[in-house]
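2 protein chains.
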Amino acid sequence: MDNIYSQRIEMLRSLMSSKGWDAVVISGSDPHSSEYPSDRWKQVQWLSGFTGEAGDLVITLDHAGLWTDSRYFIQAISQLEGTGVELHKTRVPEEVPIPLWLKQEFGDDAIIALDGLSVAACDALDLPGTVISVPDMLSKFWEDRPAIPQTPVYTIETGESRQQKISWLREKISASGFDAALVSSLDNVAWMLNVRASDIEYNPLVISYLLVTRDRVLWYVIREEDIDEQTQACFDEISAEDIDILPYSDIEYITSEFEGKILLESSINYNIYSSLKAANAEFELQRSPIALRKSIKNPREVEAMRQAHITDGVAMVRFLYYLERSLDAGRELSEWDLALKLEDIRSESEDYTGDSFQTISAYGPGAALPHYITPKDDAPVLRQSGLYLNDSGAQYKTGTTDITRTIPLGDCTALEREDYTLVLKGHIALAKAVFPVGTAGCQIDALARNALWENMRNFGHGTGHGVGYFLGVHEGPQDIRQNFNSTPLCPGMITSIEPGIYREGMHGVRHENLYLCVEAGTNGFGSWLKFEPLTLCPFDCSILELDLLDRNEKRWLNDYHKKVYETLSPLLPEHIAQWLKEKTAAI
Amino acid sequence: MDNIYSQRIEMLRSLMSSKGWDAVVISGSDPHSSEYPSDRWKQVQWLSGFTGEAGDLVITLDHAGLWTDSRYFIQAISQLEGTGVELHKTRVPEEVPIPLWLKQEFGDDAIIALDGLSVAACDALDLPGTVISVPDMLSKFWEDRPAIPQTPVYTIETGESRQQKISWLREKISASGFDAALVSSLDNVAWMLNVRASDIEYNPLVISYLLVTRDRVLWYVIREEDIDEQTQACFDEISAEDIDILPYSDIEYITSEFEGKILLESSINYNIYSSLKAANAEFELQRSPIALRKSIKNPREVEAMRQAHITDGVAMVRFLYYLERSLDAGRELSEWDLALKLEDIRSESEDYTGDSFQTISAYGPGAALPHYITPKDDAPVLRQSGLYLNDSGAQYKTGTTDITRTIPLGDCTALEREDYTLVLKGHIALAKAVFPVGTAGCQIDALARNALWENMRNFGHGTGHGVGYFLGVHEGPQDIRQNFNSTPLCPGMITSIEPGIYREGMHGVRHENLYLCVEAGTNGFGSWLKFEPLTLCPFDCSILELDLLDRNEKRWLNDYHKKVYETLSPLLPEHIAQWLKEKTAAI
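These protein sequence lines are chains A and B, in that order.
Residue 1 is where the first sequence starts when you use the working numbering, and the numbers rise one by one after that.
Residue 1001 is where the second sequence starts when you use the working numbering, and the numbers rise one by one after that.
Hints are supplied without guarantee of correctness; some may be wrong.
Stated by the list, open to error - Computed cross-link-like contacts, BS3-like style, restricted to lysine-lysine with a CA-CA straight-line distance of at most 30 angstroms:
| hint | chain 1 | residue 1 | chain 2 | residue 2 |
| --- | --- | --- | --- | --- |
| 1 | A | Lys376 | A | Lys397 |
| 2 | A | Lys103 | B | Lys1554 |
| 3 | B | Lys1103 | A | Lys103 |
| 4 | A | Lys172 | B | Lys1019 |
| 5 | B | Lys1530 | A | Lys530 |
| 6 | B | Lys1261 | A | Lys432 |
Unchecked claim - To give an idea of the interface, some chain A residues facing chain B are shown, with a C-beta separation under 10 angstroms as derived from the structure:
| hint | residue |
| --- | --- |
| 7 | Tyr202 |
| 8 | Asp445 |
| 9 | Met456 |
| 10 | Phe459 |
| 11 | Gly526 |
Bear in mind the hints are in silico, worked out from the structure with no lab data behind them.
These numbers come from a predicted model, not from an experiment.
Just so you know, even glycine gets a beta-carbon here, dropped at the ideal spot from N, CA and C.
Whenever a hint applies, use it, and build me the whole structure from the sequences.
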């Protein structure tokens, strides 16, 4: 029991006993339901040592449990050793979700405490018994708890002014019978105000809330007196537009700032939900109209995203050239070395502000895990055979990228060659699809899988996710998955196509590009859409089983490679341009 | 105003005035929400002259309106002429559905009368104001109103006894907290009791209700004293199993027959719903568990369905042979002649009990209407060019069939050839698909459309519907459509694949087979399913654009044709077998 985590849990239990709480729920989320919560909100990690991206804790007086999914089972078992915390598996048939587990333990009479700031209202409302919100509950034990990040804030050009967006939002919510809207998702705030920062890892966001009422706009963002020059300039610009800039914590007085009915985003935290409820405010939780509007990029954003992908394509080609030449020269390279190298190359662009997610640099069996985490220490070293997979992306001031390439390093088995080719066949089938206006991603997902299915192979993740404009690399509301999602793909949306095949202990293949949805014309049968590739980087053709590709698939690949070469070669040193010419030669 | 229909509407208005009703809603449905209501329930037709399969009337003191969809706009305008009834379009963007229209006219204060027997509860509950149910409202004006059909009832072998099915249903509903179930859909009743009759056009069903309680089974079926021998034998057999056989109209006393909570099918009529409500009975409307169970055919049913399709294949080949030879001989044949001829050929089988829906026999432009109705008088005559489409099916005592063939009659345009080939390409793509267990039809619908989409062509109907075992030719809960339907395709389900292309004023192409869903094996990626063709009849290859088909598509077609020839040729006269050999020669 001298484990640091079990000690922390005991401290929490003392508080529970003194307060008469039966259970405490600690979530892995932040007040804005961000995909990558900052260190301040890594409460699950602080209390249990578990570092997985998804996980929630429940502490009772005689039990401590971590709820997480299969991606993290092995990691959880290892990290929870000695903490006294038991693993509860989610997304398995026998799953007992937290609300049900608490009900089985306590019936409906429990007193359950949670940090309402970091739990979404919709999750808190699912809990049985009496739920008490204790903001920043762990701060009293967590001595060196990190502060809320506060990085320089700046404005960017997006092709639409704040005032245009505010007017649009006012009209939109007013038409639905609302008098105000609280924008709480950080990417929605950033989109509304044309601002960016680096408060969140991998996402260029500012931790803040935005309240839009009929006649006022309030931005809850200031954390300290001491504001850097760039941020001050940004604040001055925004203040000049009659937007009130307030302290972040003033969000607790929100009820005094509006009258009538307020629209809350469905991810709103329980703390705000409860204060509005307590104040008898009129409100409703809904998917924010901003989500769909933001997903449809305007021409200025599209052009910038194209530029970002040219920049990223140059970096990727330089990286692939480096990889091939280094291995040819017999240099020893680990997965970690390569992740660093790619970051180095990308960071040479002045537009680069960071990666858009943690690079997956995986050789051989590692690549068989779609969510592989490249180890910093003792990372596997590449050999001149088999497949190396690199799934990475960058945040440029011009846009967000996300690309996966699987690279044969020399001899490959017949199965590797076949898997490699079938995944590319699936990728191309969807990439070259034409489909009617109104089609949702789930209605065309099978096109990317059919070539795999024919051979009784498949992959367990989605085929594609939406991508933001210098915002989150995962952005809704559209996607391309088997799961039902009624949002149609619209011109201006950017979505990944990334089928794969994974064989445990052997290898993994994934081919990923980002695509812009564009109009393809109108005829007697209706109006049509198609995909235009944004990502510019060759697919290695050396191990393709050409027999498995038909004429049209080969034509698509040749056309794509021609575009890659023509766009990137003028921007590359001559010897790399020459190398690219060979890599993009028609098959 | 001397129009017979406007006179009838005026009679109804007198009643409305005397009763103080603001509006009367007349639906085109029967008490069991049957797809083909019998003549007794053709109330919309009796009141307005409109004969379309889908339509509802609303009569107020100063307005009469028919609500129907685009399939019937032209027909409605023509048939409603002089009746004073106005067309209200449904399934169009500007649609004002009946509940909204009534609300706009009367607010929430109207008194709305309807024949609760022929309106589904879920529709009646959508209406504003006070809804009054007047069973058989029109009978007082409708002098020669047809009686409820009463055709001979007989039992059939299905591989599962009534007692097995009743035990299963009891367990199923008990597990969901119910004490009784009212089976009201006629195909569900027929399935439960292994009985068939001919009360409903195209559907071998008995108009009746079945009540299953914890300890009793009651069948509400008897309509007159006078029962034929066959029916008496069937009733005796069923009575001997302790199933109470009661008069059909006794369903009104249902509340005295059970205690506890009763499961009603979601299509239950408003009359039964209201009486249960009035009696304060405990009930819930749900999709009946019978629907899914019935859709998964047992081995005995599968074997019988195979037999039905051999029988039907022989008839279809004889029909196609007759068509070709007659045209070659210069005989004049109309669409109607051909529909009759096919019925004649099919009826030579002793298992034939009737068609499974109204045959679509369409030449040229007629085939461009997916729901074309072949006119009895002055039907178009076939010429030796262009495309003839025949969509038809039969009810055999061994099973239900549904097949569409498009037949080139001579010279065809390049567009006809291309459309013909692309639709077949789409058909084959789905027919040869392999897909993971758990896949729903909407997730693979695109496979049948992709070849069309690539060429910016499409069709506006579903790709496939479920088919019953000697029951309805349209049977849920599964289907293959763009619309979201979460029911997975399961081994034992039978579904059509029927893509098409329709060009107004020119031609229509549709290629339809029925397929049995079967297991395709299990491997490291999971368990797999595929389709096995039930329909056995050649696709005409003479106008195929072979360039548009790839190797695998040609292989599928050759394998299918080989199976067609090998199965059917021993059952055909030698000259037709020889003809079939040519028609099924490998391409």
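Results for each hint:
1. A:Lys376 - A:Lys397: Holds, because 28 angstroms separates the two Cα atoms, which is no more than 30 angstroms.
2. A:Lys103 - B:Lys1554: Violated: A:Lys103 and B:Lys1554 sit about 59 angstroms apart, past 30 angstroms.
3. B:Lys1103 - A:Lys103: violated (44 angstroms)
4. A:Lys172 - B:Lys1019: violated (46 angstroms)
5. B:Lys1530 - A:Lys530: holds (29 angstroms)
6. B:Lys1261 - A:Lys432: violated (54 angstroms)
7. Tyr202: violated (31 angstroms)
8. Asp445: holds (7 angstroms)
9. Met456: holds (5 angstroms)
10. Phe459: holds (9 angstroms)
11. Gly526: holds (6 angstroms)
Against the hints set out earlier in the document, violations occur for numbers 2, 3, 4, 6, 7.
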